[in-house]
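**Q** Read off the chains here:
There are 2 protein chains.
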Amino acid sequence: MAVITIIGSGMMGSGMSRPARDNGHEVRLVGTPLDREIINEARISGRHVPMKRQLPDGIKYYQIEELDSALEGTEYIICGVSSFGVEWFKEEIIPRLIPGVPVLAVTKGLLNQPEGAVMTFPEYFKKSLPPHLRGKVSFSAIGGPCTSYELMDRHQTMVYFCGEDSAALKQFQQLLTTGYYHPDISNDVLSVEMCVALKNAFAVAVSMGIGLAEKLEGADAYMYNPQAALFGQSLREMGRLLKFYGGNPDFACGIPGAGDLYVTIFGGRTRKLGYLLGKGKSYAEAKAELAGVTLESVVIITRINHALRELAAQGKVDPADFRLLSFLDAVINQNAVCDIPWQEFR
Amino acid sequence: MAVITIIGSGMMGSGMSRPARDNGHEVRLVGTPLDREIINEARISGRHVPMKRQLPDGIKYYQIEELDSALEGTEYIICGVSSFGVEWFKEEIIPRLIPGVPVLAVTKGLLNQPEGAVMTFPEYFKKSLPPHLRGKVSFSAIGGPCTSYELMDRHQTMVYFCGEDSAALKQFQQLLTTGYYHPDISNDVLSVEMCVALKNAFAVAVSMGIGLAEKLEGADAYMYNPQAALFGQSLREMGRLLKFYGGNPDFACGIPGAGDLYVTIFGGRTRKLGYLLGKGKSYAEAKAELAGVTLESVVIITRINHALRELAAQGKVDPADFRLLSFLDAVINQNAVCDIPWQEFR
Numbered sequence: 001m002a003v004i005t006i007i008g009s010g011m012m013g014s015g016m017s018r019p020a021r022d023n024g025h026e027v028r029l030v031g032t033p034l035d036r037e038i039i040n041e042a043r044i045s046g047r048h049v050p051m052k053r054q055l056p057d058g059i060k061y062y063q064i065e066e067l068d069s070a071l072e073g074t075e076y077i078i079c080g081v082s083s084f085g086v087e088w089f090k091e092e093i094i095p096r097l098i099p100g101v102p103v104l105a106v107t108k109g110l111l112n113q114p115e116g117a118v119m120t121f122p123e124y125f126k127k128s129l130p131p132h133l134r135g136k137v138s139f140s141a142i143g144g145p146c147t148s149y150e151l152m153d154r155h156q157t158m159v160y161f162c163g164e165d166s167a168a169l170k171q172f173q174q175l176l177t178t179g180y181y182h183p184d185i186s187n188d189v190l191s192v193e194m195c196v197a198l199k200n201a202f203a204v205a206v207s208m209g210i211g212l213a214e215k216l217e218g219a220d221a222y223m224y225n226p227q228a229a230l231f232g233q234s235l236r237e238m239g240r241l242l243k244f245y246g247g248n249p250d251f252a253c254g255i256p257g258a259g260d261l262y263v264t265i266f267g268g269r270t271r272k273l274g275y276l277l278g279k280g281k282s283y284a285e286a287k288a289e290l291a292g293v294t295l296e297s298v299v300i301i302t303r304i305n306h307a308l309r310e311l312a313a314q315g316k317v318d319p320a321d322f323r324l325l326s327f328l329d330a331v332i333n334q335n336a337v338c339d340i341p342w343q344e345f346r
Numbered sequence: 001m002a003v004i005t006i007i008g009s010g011m012m013g014s015g016m017s018r019p020a021r022d023n024g025h026e027v028r029l030v031g032t033p034l035d036r037e038i039i040n041e042a043r044i045s046g047r048h049v050p051m052k053r054q055l056p057d058g059i060k061y062y063q064i065e066e067l068d069s070a071l072e073g074t075e076y077i078i079c080g081v082s083s084f085g086v087e088w089f090k091e092e093i094i095p096r097l098i099p100g101v102p103v104l105a106v107t108k109g110l111l112n113q114p115e116g117a118v119m120t121f122p123e124y125f126k127k128s129l130p131p132h133l134r135g136k137v138s139f140s141a142i143g144g145p146c147t148s149y150e151l152m153d154r155h156q157t158m159v160y161f162c163g164e165d166s167a168a169l170k171q172f173q174q175l176l177t178t179g180y181y182h183p184d185i186s187n188d189v190l191s192v193e194m195c196v197a198l199k200n201a202f203a204v205a206v207s208m209g210i211g212l213a214e215k216l217e218g219a220d221a222y223m224y225n226p227q228a229a230l231f232g233q234s235l236r237e238m239g240r241l242l243k244f245y246g247g248n249p250d251f252a253c254g255i256p257g258a259g260d261l262y263v264t265i266f267g268g269r270t271r272k273l274g275y276l277l278g279k280g281k282s283y284a285e286a287k288a289e290l291a292g293v294t295l296e297s298v299v300i301i302t303r304i305n306h307a308l309r310e311l312a313a314q315g316k317v318d319p320a321d322f323r324l325l326s327f328l329d330a331v332i333n334q335n336a337v338c339d340i341p342w343q344e345f346r
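Sequences listed follow chains A and B, in order.
Taking the numbering used here, I'd label the letters of the first sequence as residues 1 to 346.
Taking the numbering used here, I'd label the letters of the second sequence as residues 1 to 346.
Rather than coming from a laboratory, the hints here were simulated on the basis of the structure.
Computed from a predicted model, the values in this text were never measured in an experiment.
Don't take every hint at face value.
Any copy will do: because identical chains look the same in the list, a pair fits if it lies in one copy or spans two.
[As the list claims (entries may be wrong)] Calculated cross-link-like contacts (lysine to any residue; reagent style SDA-like; alpha-carbon spacing at most 20 Å):
hint : residue 1 : residue 2
1    : Lys52     : Tyr222
2    : Lys170    : Pro131
3    : Lys272    : Tyr222
4    : Lys170    : Trp342
5    : Lys215    : Phe266
6    : Lys215    : Tyr180
7    : Lys170    : Glu344
Work out the full structure: start from the sequences and follow the hints.
**A** Take a look at the structure:
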């Protein structure tokens, strides 16, 4: 049995405690500064309030000030922060990582680089290592269709662990595989992580089809052709992006791409954003209904379109190949009405 | 304006009358011997009883005995029969086709050939042409996410018309494109038609996830990770089959593959079959609930597994790459219980 420290006790970080505890590992769950109440309540009642679930028995809880104790003797670290916590993780946690202790991140997203390039978070984390840790801490990441609720409820789940460090990937796979959690492993970080990020963008598009159906024919509408067309167009554009960036389009046509897109449109705030836009709300109105929160899906729509504009300006991509992505950008960032350009898709 | 004769007045054949009439073409709808009541009622009231819809105004209706009149002066033919009507179409209709009048088929399926090969219906129809028609009648086919109800209701729909005859494809595209019906064209018949056929097989698998959720957690279960995993695994295996048969896996990751799989799991009898199996019914029990009907999905599961067994025996494919397909075969044809082999998927 191993000692696993999860840093970040939000939904997915906490969700990872389920397979870890079911396999009998010692689990230390550390809240970020934003997670103070989650840790307080979990200590008292074992309840994860935002997730509306009991956490597994036997977890050891830590506030961020207790990080040193949580890291003492730990053998594996899971980074449980969302993309909005990346800078915090980089500044506060990475310098305190331990040589020889690998990190597995649940974080989803991509960063813009000059001239239309993109960077994955495992790459970004690696570049952020201080000199004494370089080459001594590896970063892997999780991709694929897995909602935190369902992982906590032990639903059958297939995901990828991706990273450069094959030994660490195999260790994490062995530690966390259960009868319901089935992580495959891959060294193709770019492909897996691009799927992970992009599915959030495209889930807005498919969910527009749900809102559109309700707008046109009411809440019980039987209207799936448009959603299906948006789903197919999403995967076309995802596959093209993977090819362009040198990734393997097979990932778009599998667990991390199509599978993850599928699960994302069945619930959560990204679905709600697309649904509201599809019903005819402006992005400003939709954002207000979502309590003013900027979603990860909005960030990725913005970033990938930023990259595509740079690439198009250099003549490296044809904007007509990414008409759904540019339409999403127009709706989110240029206040365009949600008038889906069906005839322009190819 | 053109004269279009649709032979077969079932759901999809009749559905094609919508874009054809919206574009002002003369539409002649011919019932098969099984469609007699549909044509009778349509003549009286304009109603398509099985589809629960009014047909477009201005259609000319024909019983099969009136086929000669329906074909007189026709410029285009749409074959509206299902795969179960293929032999009838071959025997009764193909000998009466007209030189220079191209055929577009809604028929979905694949035929087994020796040694694990498969044949598409456009290819089969072409081989069935009598000598005087050879080289003078081309067969194209439709693939992609389009339910007949929704086409009739003018929902936004993206499909492919595929065939060898580029001129005919462009003509059909021009004749039938509307503000809601967006056919793309492709000469890659094998890829499109394999997706069209296989999506029916895989829709059973994804729908098992729906039944499984209800069995484990009740009708309102929030359980999508398993469906998403099955969806992703389906596209993996579909892509591998396309590659094996020399097709282009991009089609699996787009409108005909993923898009069509998506729409198929939201309704109809294939969904119901998978749902019942996922709930724990045997295939015999499920078939009884489906009024004893053998579905196209069952035929394709059986045929593709027949092909895979032959290919595996020759050492040409690794059965481990098609574990979901072989599991479907075991449930349908070997009375296996629906115990999904999650840990064997790759």
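**Q** Evaluate each hint against the coordinates.
**A** Comparing the hints with the structure gives:
With identical chains, the CA atoms of lysine 52 and tyrosine 222 are at most 20 Å apart between copies only, with a shortest distance of 13 Å across copies and 32 Å within one. When the C-alpha separation of lysine 170 and proline 131 is checked against a cutoff of 20 Å, the pair qualifies neither within a copy, at 26 Å, nor between copies, at 62 Å. Taking CA atoms no more than 20 Å apart as the test, lysine 272 paired with tyrosine 222 passes in both settings, with 19 Å inside one copy and 16 Å between copies. For the homomeric pair lysine 170 and tryptophan 342, the shortest alpha-carbon distance between copies (19 Å) is at most 20 Å, but the shortest distance inside one copy (44 Å) is not.
With identical chains, the CA atoms of lysine 215 and phenylalanine 266 are at most 20 Å apart both within one copy (18 Å) and between copies (19 Å). For the homomeric pair lysine 215 and tyrosine 180, the shortest alpha-carbon distance between copies (16 Å) is at most 20 Å, but the shortest distance inside one copy (38 Å) is not. Taking the shortest alpha-carbon separations for lysine 170 and glutamate 344, only the inter-copy value of 17 Å comes in at or below 20 Å, while the best intra-copy value is 44 Å.
Checked against the numbered hints given earlier, this structure breaks only hint 2.
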